[in-house]
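Visitor: Construct the entire structure; sequences and hints are all you get.
Numbering (this note's numbering), first residue to last: 5 to 422.
One should not assume that every hint holds.
As the list claims (entries may be wrong) - Computed list of lysine-lysine pairs in DSSO-like fashion (alpha-carbon distance at most 30 Å, straight line):
#1 K365 with K151
#2 K117 with K249
#3 K151 with K255
#4 K117 with K151
It should be emphasised that the hints constitute simulated quantities derived from the structure, not laboratory data.
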Amino acid sequence: MSTKRLSQIGLILVGMILLAILVYQIPAVNERLSWRLETTRVLIARLLDPVEAAPTPLPTPTPAVTATPTLTATPSSTPTLVPTATPCPTATFTPSPTPLPVSVLLPPPAWAKQTANNCGPATLSLYLQTYQWEGDQFDISEVIKPKNDDKNVNVEELVYYVRNNAGWLNIDFRVGGDLEMLKKFLAAGIPLMVEEGYFGTEYYWPNDDGWLGHYLLVTGYDDTTQMFTVQDSYLGANRQIEYAKLDEGWKTFNRVFIYSYLPYQEDTVRTILGPHWDADYNRQYALEVAQADTLTNPQDAFAWFNVGSNLVYFERYTEAAQAYDMARQIGLPQRMYRYQFGPFFSYFHANRIEELMAVTKYALQITDNSEEALLWQGWGQYREGDTAAALASFNAALAANPFYTDAEYAINFINGGG
5 MSTKRLSQIG LILVGMILLA ILVYQIPAVN ERLSWRLETT RVLIARLLDP VEAAPTPLPT
65 PTPAVTATPT LTATPSSTPT LVPTATPCPT ATFTPSPTPL PVSVLLPPPA WAKQTANNCG
125 PATLSLYLQT YQWEGDQFDI SEVIKPKNDD KNVNVEELVY YVRNNAGWLN IDFRVGGDLE
185 MLKKFLAAGI PLMVEEGYFG TEYYWPNDDG WLGHYLLVTG YDDTTQMFTV QDSYLGANRQ
245 IEYAKLDEGW KTFNRVFIYS YLPYQEDTVR TILGPHWDAD YNRQYALEVA QADTLTNPQD
305 AFAWFNVGSN LVYFERYTEA AQAYDMARQI GLPQRMYRYQ FGPFFSYFHA NRIEELMAVT
365 KYALQITDNS EEALLWQGWG QYREGDTAAA LASFNAALAA NPFYTDAEYA INFINGGG
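Guide: Spelled out as structure tokens, the structure:
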């Protein structure tokens with residue numbers, strides 16, 4: 005083959021590569037292909053480094069002795085732990101002054117399917133559209149998860165977005181909710197976001213347990229059929245889900261709910277929440293509910309996990325770590341640490357660095373770009389005296405999410421600015 009012919013083939017190949025690069029920049033194409041490339045990358049990584057059972061806690065904690073920097077929480081043999089609170093919750097949600105209607109169905113927003121890894125921003129955009137907000141899921145994701153392969157947005161980040169970008173709305177979240185609370189909000193004309201866990205039918209590596217976290221917008225209920233109506237950014241609009249099934253998945257996320265409302269509705273919201281308007285009261289209630297759940301079923305890993313998460317809120321880290329020990333000993337889903345980070349807080353502050361390193365290592369095997377796991381791996385490395393490794397982990401966390409202020413704080417701390 006002549007040199008001229010080879011040059012022509014080379015130019016054609018270069019042109020095809022450049023064209024492919026340009027086409028890849030088209031948002032719709034990029035979204036479809038990047039998701040497939042990412043799932044392929046994860047599969048190859050898991051084939052080379054198979055996922056095994058999550059590490060169980062060590063028989064004896066190994067306390068560390070290095071100094072503890074001031075940290076801020078991100079906007080959340082078999083050990084024994086005996087709940088110290090009363091077996092049953094001592095508080096109940098304030099009853100409605102009038103009976104709730106048998107059914108409520110609020111007008112749904114125009115549904116739009118989420119892109120990959122974007123259920124938080126997509127569901128929040130549906131929620132805000134019920135208040136005539138004119139944005140979409142991409143307006144939200146570019147602020148709180150600028151990278152498409154970021155697989156989790158937590159409740160605090162969603163609340164942060166609204167407070168800073170839709171300040172004409174009030175927004176907050178509470179935990180320890182129940183079905184009656186959901187119905188009270190709906191009866192008052194206020195939809196709610198909930199986060200739940202479920203076992204899906206799509207698997208991304210050998211031995212994948214399929215468990216995932218997901219947000220839903222709840223827009224209606226019917227006591228006759230015992231069904232909620234939800235807007236599901238993945239499966240579709242006006243989906244029906246049984247009361248019991250929603251509660252089962254909701255429990256895995258401490259029954260957290262996000263409520264947003266217009267300023268003139270504040271008195272209504274205060275009445276619905278009653279004493280739970282106070283966040284400390286609400287957390288104590290949720291703690292006692294979770295503790296009661298562990299007494300009802302001592303093998304309920306999610307109940308023990310919820311005990312730990314509520315204790316972290318009160319900075320009772322040693323007790324929280326013991327509760328997380330119980331959850332881990334019983335067994336948790338593979339992706340649990342993708343969504344919830346209380347164990348990182350508790351093991352660090354309880355000076356159980358070996359446990360912190362074990363759970364962050366596992367979390368990063370499952371989700372290698374988790375900024376939260378990278379951050380807490382870094383703090384563990386710092387406690388072990390490996391400042392260079394800690395700084396590398398903090399920088400990796402910031403690369404995973406360039407807006408991650410906790411990583412910025414950690415880098416400044418290592419560099420002498422903390």
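Visitor: Verify the proposed pairing of K151 with K255, using a straight-line Cα cut of 30 Å.
Guide: At roughly 29 Å apart (the allowed maximum being 30 Å), K255 and K151 satisfy the hint.
Visitor: With the threshold set at 30 Å, check whether the alpha-carbon distance from K117 to K151 stays at or below it.
Guide: holds, 18 Å
Visitor: Measure nothing beyond the straight line between the CA atoms of K117 and K249; if it is 30 Å or shorter, mark the hint as holding.
Guide: Holds, at roughly 23 Å.
Visitor: Regarding the pair K365 and K151, is the alpha-carbon distance no greater than 30 Å?
Guide: holds, 22 Å
Checked against the numbered hints above, the structure violates none of them.
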